[in-house]
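Model the full assembly from the supplied sequences, consistent with the hints where possible.
There are 2 protein chains.
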Amino acid sequence: MVPTRCLGEHEIINILRQRLELMPDMSVPFGDDVSAVPIGNDGKMAVLKTDMLVAKTDVPSKMSLYCAARKAVVMCVSDFASKGVQPTAVLVALGLPKCLATQNAVIEIADGLNSAAREYGAYIVGGDIGETDDLTISVSLYGMANQDAFMLRNGAKFGDVLAVTGLFGKSAAGLELVLGKDCVVSSKNRLALESAVFSPHARLTEGLVLSKNKCVSASIDSSDGLAWSLYELMRMSGVGFIVETLPVAAEVVEFAGQNNLSIEQLVLYGGEEYELVLTINPENWQIAKTVVEAVGGNLIAIGKATVEKDLILMVNGVKQPIKPCGYEHFKI
Amino acid sequence: MVPTRCLGEHEIINILRQRLELMPDMSVPFGDDVSAVPIGNDGKMAVLKTDMLVAKTDVPSKMSLYCAARKAVVMCVSDFASKGVQPTAVLVALGLPKCLATQNAVIEIADGLNSAAREYGAYIVGGDIGETDDLTISVSLYGMANQDAFMLRNGAKFGDVLAVTGLFGKSAAGLELVLGKDCVVSSKNRLALESAVFSPHARLTEGLVLSKNKCVSASIDSSDGLAWSLYELMRMSGVGFIVETLPVAAEVVEFAGQNNLSIEQLVLYGGEEYELVLTINPENWQIAKTVVEAVGGNLIAIGKATVEKDLILMVNGVKQPIKPCGYEHFKI
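Protein chains in written order, with the numbering used here: chain A, 2 to 333; chain B, 2 to 333.
FYI, nobody ran anything at the bench for these hints, they're computed from the structure. The reader is advised that the hints may include incorrect statements.
Stated by the list, open to error - SDA-like mimics (lysine to any residue), calculated; alpha carbons at most 25 Å apart, straight line: (1) B:K99 with A:C326; (2) A:K213 with B:I40; (3) B:K310 with B:T291; (4) A:K57 with B:Q321; (5) A:K189 with A:E177; (6) B:K45 with A:K215; (7) A:K45 with B:I14; (8) A:K99 with B:K310; (9) B:K63 with A:M24; (10) B:K310 with B:Q321; (11) A:K99 with B:Q321; (12) B:K310 with B:P322; (13) B:K99 with A:L176; (14) A:K57 with B:S62; (15) B:K45 with A:A150; (16) B:K45 with A:M145; (17) B:K45 with A:M24; (18) A:K45 with B:G44; (19) A:K57 with B:S28; (20) A:K57 with B:K99; (21) B:K63 with A:R6; (22) B:K45 with A:Y270; (23) A:K45 with B:S28; (24) A:K63 with B:D135; (25) B:K99 with A:N15; (26) A:K215 with B:I40; (27) B:K57 with A:D134.
Structure below.
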């Protein structure tokens, strides 16, 4: 008998997609960062998203329950941010192991959930509790948006500027530290890198202002890693990308050098970062940069969309392929 | 050092409620079966609910993955049914153990989710996947309703008829069989009782028609058991109840007799049943019964709401208290 092969996350998602009857006329394609359902006939949409945090894979052991609960909300808000939608209401399905059914643990979780929801202008309006072997927090978000406000994954055009809202690599480097690996690091850098793991931020303000000004042709968040996000934009939009400048954080350059790690690996394939990855028509570049900076954010051009459907990194004038890799459950 | 006490589900929920900042002016009170958020100013509400199925506590080992996935959706639809709201969109956060990351298992789960969603007129519009130790399915529902259409838990008045949409006890009796306990049972009864466990139904049609006709003063589903539902209606409405007729299924009478089990225990404290428990002003009783029967359902009067805030079962003219008990996580 041939042993049954264990599927990867993307294979599982593909099977689910194939077996489900899709809602007719979905204005946000199935598989984009959020789902949307029409409210009436005036273009208003109910926007929905669910995201699942599982302690075993998403919460390093040094992370507090407060931070874990906060992260569960941030992960989901980041998807709303990437589409330019304000979340209004949060639902939480909390799977709690018996050892965490204590007053202190529940207070920490409640406070983490609440503070993240309020930080992004939403309220927790309901939820459910179950007993699980491992802490599991499924967060669902609801918001409302006009149909023409969505920044989808599929709108990138040849010649568009490829941009990100921040520098990369800190989460991947921070994870090395948090997991207790033997690394050389200054105290200042340790704080910056570990904070990226413990206290991530979603780029909601940036997403909202970009959507309002309609200057983005495609958008995705980078929670599965920069390379994976680029690959998804490419697949959905039918273009390719050339990355001319790696958006690497200064702390990551230092950390990689001190520990003989690859900057490219940390920046491209790390994941658990919540920057937006965007394409912008060159005509809109200046306005996009201006409005993002006006709300205290950054917009960093890192390359451009190409006709050739390849994902290329240009290093010192030499082209090298970026692998379509990122964090994938069930593959480790 | 005093050992930390393990909290029960209701204690955990109370802590969460206390720590969360509530959304101002919620038209459905926090803790009712669903949550609702205003859409604009015309009384239209986005209705939201999340429910978590965990294999360890909610899926007997003999239950197929198809049935487990279907049940996860039915549990959540039942809450919408109890408020009289049509679900439109379903989100699924699927926690899959590695041993179920196979094509056959994923197909079964996808088909169970899809068939339940379509059965109740909704579509699965998105989701997320994570790797968990135990199968965990968090289902979130979205629908839309007018503010005045909700059948809340808090509207029962003294003198109202207490009614249910079906007979009770089959799930609790079926669970004895499914768990392999040594019971006397006919083949016909086994099928009926086990079906109640494997293939539950939500009373959505009944809930929708009752809401449309505005004949219900309070409503809740009975997923945590009839006694618990009555206790919740009582607590939220500030009335008491006297149950004059136990709504017991014929199969349960026979099964209890053959196996020396208490009918009251099976009917009142079983849980995992998805009937609606309703209160209806006597003036509306006939119309309520007529409209429910017109859609193929049943409405069974089992008692009435009382001024005294007690939960009483009347058996052969003798009053006995019903305990405010039901299934509670973390207590077993």
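Which of the listed hints are not met by the structure? 3, 4, 6, 7, 8, 9, 11, 19, 22
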